[in-house]
Structure formats: structure tokens, C-alpha cells
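Now for the letters of each chain:
There are 2 protein chains.
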Amino acid sequence: MLSKNQIKLISSLKQKKYRDLHGFFVVEGVKGVSELLESDFELHHLYETKSDFESVNSKRTQISDKDLQKISFLKTSNSVLALFKKPSILDVPIDGLVLVLDDIRDPGNLGTIIRLCDWYGIESLICSKQTVDCYNPKVIQATMGSITRVKIDYVDLKQFLPKNESIPIFGAFMNGDNIYKKTNLPQHAFLILGNEANGISRDVEKLVDERISIPRFGKLKATESLNVATATAILLSEFRR
Amino acid sequence: MLSKNQIKLISSLKQKKYRDLHGFFVVEGVKGVSELLESDFELHHLYETKSDFESVNSKRTQISDKDLQKISFLKTSNSVLALFKKPSILDVPIDGLVLVLDDIRDPGNLGTIIRLCDWYGIESLICSKQTVDCYNPKVIQATMGSITRVKIDYVDLKQFLPKNESIPIFGAFMNGDNIYKKTNLPQHAFLILGNEANGISRDVEKLVDERISIPRFGKLKATESLNVATATAILLSEFRR
Numbered sequence: 001m002l003s004k005n006q007i008k009l010i011s012s013l014k015q016k017k018y019r020d021l022h023g024f025f026v027v028e029g030v031k032g033v034s035e036l037l038e039s040d041f042e043l044h045h046l047y048e049t050k051s052d053f054e055s056v057n058s059k060r061t062q063i064s065d066k067d068l069q070k071i072s073f074l075k076t077s078n079s080v081l082a083l084f085k086k087p088s089i090l091d092v093p094i095d096g097l098v099l100v101l102d103d104i105r106d107p108g109n110l111g112t113i114i115r116l117c118d119w120y121g122i123e124s125l126i127c128s129k130q131t132v133d134c135y136n137p138k139v140i141q142a143t144m145g146s147i148t149r150v151k152i153d154y155v156d157l158k159q160f161l162p163k164n165e166s167i168p169i170f171g172a173f174m175n176g177d178n179i180y181k182k183t184n185l186p187q188h189a190f191l192i193l194g195n196e197a198n199g200i201s202r203d204v205e206k207l208v209d210e211r212i213s214i215p216r217f218g219k220l221k222a223t224e225s226l227n228v229a230t231a232t233a234i235l236l237s238e239f240r241r
Numbered sequence: 001m002l003s004k005n006q007i008k009l010i011s012s013l014k015q016k017k018y019r020d021l022h023g024f025f026v027v028e029g030v031k032g033v034s035e036l037l038e039s040d041f042e043l044h045h046l047y048e049t050k051s052d053f054e055s056v057n058s059k060r061t062q063i064s065d066k067d068l069q070k071i072s073f074l075k076t077s078n079s080v081l082a083l084f085k086k087p088s089i090l091d092v093p094i095d096g097l098v099l100v101l102d103d104i105r106d107p108g109n110l111g112t113i114i115r116l117c118d119w120y121g122i123e124s125l126i127c128s129k130q131t132v133d134c135y136n137p138k139v140i141q142a143t144m145g146s147i148t149r150v151k152i153d154y155v156d157l158k159q160f161l162p163k164n165e166s167i168p169i170f171g172a173f174m175n176g177d178n179i180y181k182k183t184n185l186p187q188h189a190f191l192i193l194g195n196e197a198n199g200i201s202r203d204v205e206k207l208v209d210e211r212i213s214i215p216r217f218g219k220l221k222a223t224e225s226l227n228v229a230t231a232t233a234i235l236l237s238e239f240r241r
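Protein sequences, first through last, are from chains A and B. Counting in this note's numbering, the first sequence tops out at residue 241, every number present. Counting in this note's numbering, the second sequence tops out at residue 241, every number present.
Please note that the accuracy of each hint is not assured.
For identical chains, the list gives no copy identity; a pair is met inside one copy or between any two copies.
[Unchecked claim] SDA-like mimics (lysine to any residue), calculated; alpha carbons at most 20 Å apart, straight line:
(1) K75 <-> P107
(2) K75 <-> D106
(3) K181 <-> R240
(4) K163 <-> D153
(5) K129 <-> Y18
(6) K219 <-> S34
(7) K138 <-> P107
(8) K14 <-> Y135
(9) K219 <-> F41
(10) K14 <-> K75
(11) K219 <-> D91
(12) K219 <-> D40
(13) K138 <-> H22
(14) K16 <-> L74
(15) K31 <-> K219
(16) K138 <-> E196
(17) K219 <-> S39
(18) K31 <-> A197
(19) K16 <-> P87
(20) K219 <-> V92
(21) K59 <-> G29
(22) K17 <-> H44
(23) K219 <-> R241
(24) K75 <-> G108
Keep in mind that the hints were calculated from the coordinates and are not lab data. Keep in mind that this is a model prediction, so the values were computed, not measured.
The shape of chain A in the complex, shown without the other chains (with noise of 0.2 Å):
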């Protein structure tokens, strides 16, 4: 049985400044709970409506479907909830290509990046503050176990920047250079990937050494962007090819 301030608690861990006060962020689904248990995450607790997870025994409890669906952020709920300790401050290394993310809005998108980011082996992904919070449920369940692989970390991007000022700072913008065409893209370097609608920020763009671009190979009337997520995509495997 779930009383009703388990209900209540887990319910808040939807919007940010309850995950913030409480410290906790809701992973769903068997796959997402078992890569974040073998991870350096900590549990706090796990509802479940099967005997997956037996083995936490302490911090479980088994509930019914009908208690795991009240409580569950997905349309079609699954077996398993659990609530993990967000981490302490994390020391994100500032080594080999590191992501930064001016602005993202879309969880999805950021959820899809922190894949990427654990597929070409990029270890460190630096977000601006106005960027959707990692922990946000729905980031979580489309990293689908790899944000426990990548360090992620929220800071004002115009501080950050200058202080590593011999790192080379590479933009993707609708009018920088075709990226296919640069050789030699550099193994230690910044690489900035704007807002979905706006792009790279003024105050970010100035910081900016290379501008770069995915050309389209369309006719003229064409899509006006691609998606952030899939710039990411392609501009990580020029990177990394």
C-alpha cells in the first residue's frame, strides 16, 4: 500500500524545485532502474508490482498495478518506479570534446543528446541554466540508462567559457562553415549547440572561435533547420569519424 505522502512526494519529483528540495528524481521501467542500480547512483526506494528487484529488498516496496499507475509519469505505466538520490555537485572533467548546450528546451531533445553523448564517448556535457533540468522524468526515461555514463553540469555558459580560453570554442549556426569540409577538427574543443527556435544566445555567440554548419543538400526550399537532437548527431560523428 502507498500511503498518501508517498503519493504526494512522488507526484511533486515531476517539476523541478521539489526534485531540487527533496533531492530525489524518478526512474521508470526495468532496463532505466537495473543500469541505474549498477550505477554510482543511490536508491532511495523502488515501487514495484513484480519481484525484479527483490534484491533491494530494504528499500522496496511491492505495490498494485493500480497504486504503481497512480503514481507513474508515463501513459502506460511499467513494473517498476524508483526514486534515486540526485547527486552532490558533480566535478565534470574539462577533457577531450566536451558538448555545451545553450538553452535547450525540449526534454526529449536533451534526452536523446545524452544518448549521443554516451554513444561517441563524450564524458562531459555542459548546459546553460536555462536548460531543461536532466533529472526532469522525461529526460530520464530517453537517455534510457545513459545519463549514469556522462556528467552533466548547469552553468552560466558567459562565465565559463572565458575561463578556458586556450580550449577552441567550435558554434554550429545556419551560416557557419561546412563542417564536412574542415579537416582535422581538433580531439580537445567546445562544441555548442543552441536553442531549438533561437539558436546560439548573442551573449554565447560572441565567445565563439569556429562557426560551423551542416549544409543542406536539398533544393533551395528547403527545411529551414534540423532538429537539435539530430544536428548533435551528425556533428558529433564529424568530430569523431
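Fit chain B to the supplied structure of chain A, relying on the hints for placement.
The following block gives chain B in isolation, referenced to the frame of chain A:
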């Protein structure tokens, strides 16, 4: 004012069987509707709360915000919803690089892939019969108007592919050859991407000439796979660069 019958017709278009029956599909939003109006697609009727499309007057009804909310498929309705006629069977040219989808189920993925085809100048998209319908409202929403510039057909891949045996068939697999090491990728080829969960089906796999993969750069215990739209982005980029 909207009649009950109009509301019923529009609501029914969420389902493929009614789109096939009535021969219409729904587009929402000023940008999407404008792009469709400028294309070869034929407008059936348009409902708007503002006066952005007064020029199409005989096929236009001004309605209230409340009425638009009733017929909209979006959580937050826009200012316009239009019904367009589904084109009769298209002549999809088998020329250049042709993208082939084997049972893509997620409408957002198909929409993103259509947008990518448009960006990379892929004119022809061949889908298996089980691939999600391209006139699904969520697909239309995700294409951002690109549906007007990509020709799409639904076929039985097992019958279709052998008919074009002079054209090399590339298939994306988890264990294929490293795409980054392929030099001289042909400009005239089929590129097949498979289902989100199961990849390319057995019967289609047999027809593949070249198995390709996007190598993983992360640690060993990393993401199991890339999202299919993301993988399409990277592969099209490699064929076009």
C-alpha cells in the same frame, strides 16, 4: 460554428482506416498549412480562429478557439487546422540514394526521418507496409512541411527490393562494417533502416548486400543502440558528405 458531423469526421482522421476511407489527412499550425498550400497537395477545407488564410475563402471556416480545441489533435491547439486530400498513388522515382524503412513504428521517428530526407536531398522514401502511416497527424506534425518535398510509398519490401537488383542494398546493423571506413559510398543505392526494437527483419536482411554500422566510441558497457532517427541522420550524412 462546427457541425457534429464535421467534428466527427475530423476526429476520425486520427485513425488510418478513416484517413483511407475519407481520403483526407490533418495538418495543424500556420507554418505547416502554408507549406502544404504552396505545394501540389490539394486543400479540402480549413478551419481557423484568425484570418491568416482568408485567400482560400470558399474552403475556409472561421471558428472559435473553443471549437478549434475540440477538433485539434494537439494538447495546445494552434490557430489553424486544415484537411488536405491524400494524393493518389505517387510515382516514387528509384533514383539516387533511396531510403528504405523496415517497420518503423514511432510517428515522431518517421517525421524526423522525412525531415532528414528533405535536408539531404533524398527524394524517395520506401516504407514497408507495417511502417507507421506518413499521414498520421503526429508524423505530419514532426515533418514540419517536409512531407511536401519527399515522395513516399508503402510496399512489400521482399517483393520490391529484388525487382531492382542492379542497385546495391546497404543495411544498418549493430554488427556491420564501420561506416566511417567505407570510401566511395555509391550515389545510387538503397539504404535500409530497421524497426526500433528489432532492427531489420530476417527476410529483408537476406537481401542486403552491404551490412554497415555506426561504431560506438563510448566505454564498453555503453548505450545499446542509437535511436533510429539519429542513426538515419548519421548515415545520410556519411552518404552525402
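Each hint, compared with the structure:
Taking the shortest alpha-carbon separations for K75 and P107, both the intra-copy value of 16 Å and the inter-copy value of 16 Å come in at or below 20 Å. Taking the closest pair of Cα atoms, K75 and D106 come within 20 Å of each other both inside a single copy (18 Å) and across two copies (15 Å). In the homo-oligomer, the alpha carbons of K181 and R240 lie at most 20 Å apart both inside one protomer (15 Å) and across protomers (12 Å), since each shortest distance falls under that limit. Only within a single protomer do K163 and D153 lie at most 20 Å apart by alpha-carbon distance; the minimum there is 15 Å, versus 53 Å between protomers.
For the identical chains of this complex, K129 and Y18 are intra-copy neighbours only, at 17 Å inside a copy versus 46 Å across copies, given an alpha-carbon limit of 20 Å. Taking identical chains as interchangeable, the C-alpha atoms of K219 and S34 lie at most 20 Å apart only when they sit on different chains, with a minimum of 18 Å there against 46 Å within one chain. When the C-alpha separation of K138 and P107 is checked against a cutoff of 20 Å, the pair qualifies both within a copy, at 6 Å, and between copies, at 17 Å. In the homo-oligomer, the alpha carbons of K14 and Y135 lie at most 20 Å apart inside one protomer (9 Å), although the nearest pairing across protomers, at 33 Å, exceeds that limit.
In this homomeric assembly, K219 and F41 come within 20 Å of each other (Cα to Cα) only across copies, at 18 Å, whereas the closest approach inside a single copy is 48 Å. For the homomeric pair K14 and K75, the shortest alpha-carbon distances inside one copy (14 Å) and between copies (18 Å) are both at most 20 Å. Taking the shortest Cα distances, K219 and D91 sit within 20 Å of each other only across copies (19 Å), while inside one copy they are farther apart (46 Å). In this assembly of identical chains, the alpha carbons of K219 and D40 lie at most 20 Å apart only when taken from different copies (16 Å versus 49 Å within one copy).
Taking the shortest alpha-carbon separations for K138 and H22, only the intra-copy value of 18 Å comes in at or below 20 Å, while the best inter-copy value is 36 Å. Proximity of K16 and L74 under a CA criterion of 20 Å is satisfied intra-copy only: 17 Å inside one chain copy versus 25 Å between copies. With identical chains, the CA atoms of K31 and K219 are at most 20 Å apart between copies only, with a shortest distance of 18 Å across copies and 42 Å within one. For the identical chains of this complex, K138 and E196 are neighbours both inside a copy (17 Å) and across copies (19 Å), given an alpha-carbon limit of 20 Å.
Proximity of K219 to S39 under the C-alpha cut-off of 20 Å is restricted to the inter-copy arrangement: shortest distance 14 Å between copies versus 47 Å within a copy. For the homomeric pair K31 and A197, the shortest alpha-carbon distance between copies (14 Å) is at most 20 Å, but the shortest distance inside one copy (33 Å) is not. In the homo-oligomer, the alpha carbons of K16 and P87 lie at most 20 Å apart inside one protomer (14 Å), although the nearest pairing across protomers, at 46 Å, exceeds that limit. Taking the shortest alpha-carbon separations for K219 and V92, only the inter-copy value of 17 Å comes in at or below 20 Å, while the best intra-copy value is 42 Å.
Taking the shortest alpha-carbon separations for K59 and G29, only the intra-copy value of 17 Å comes in at or below 20 Å, while the best inter-copy value is 48 Å. When the C-alpha separation of K17 and H44 is checked against a cutoff of 20 Å, the pair qualifies only within one copy, where the shortest distance is 18 Å, while the shortest distance between copies is 47 Å. For the identical chains of this complex, K219 and R241 are inter-copy neighbours only, at 16 Å across copies versus 27 Å inside a copy, given an alpha-carbon limit of 20 Å. Both within a single protomer and between protomers do K75 and G108 lie at most 20 Å apart by alpha-carbon distance, with minima of 16 Å and 17 Å respectively.
Consistency note: the structure conflicts with none of the earlier hints.
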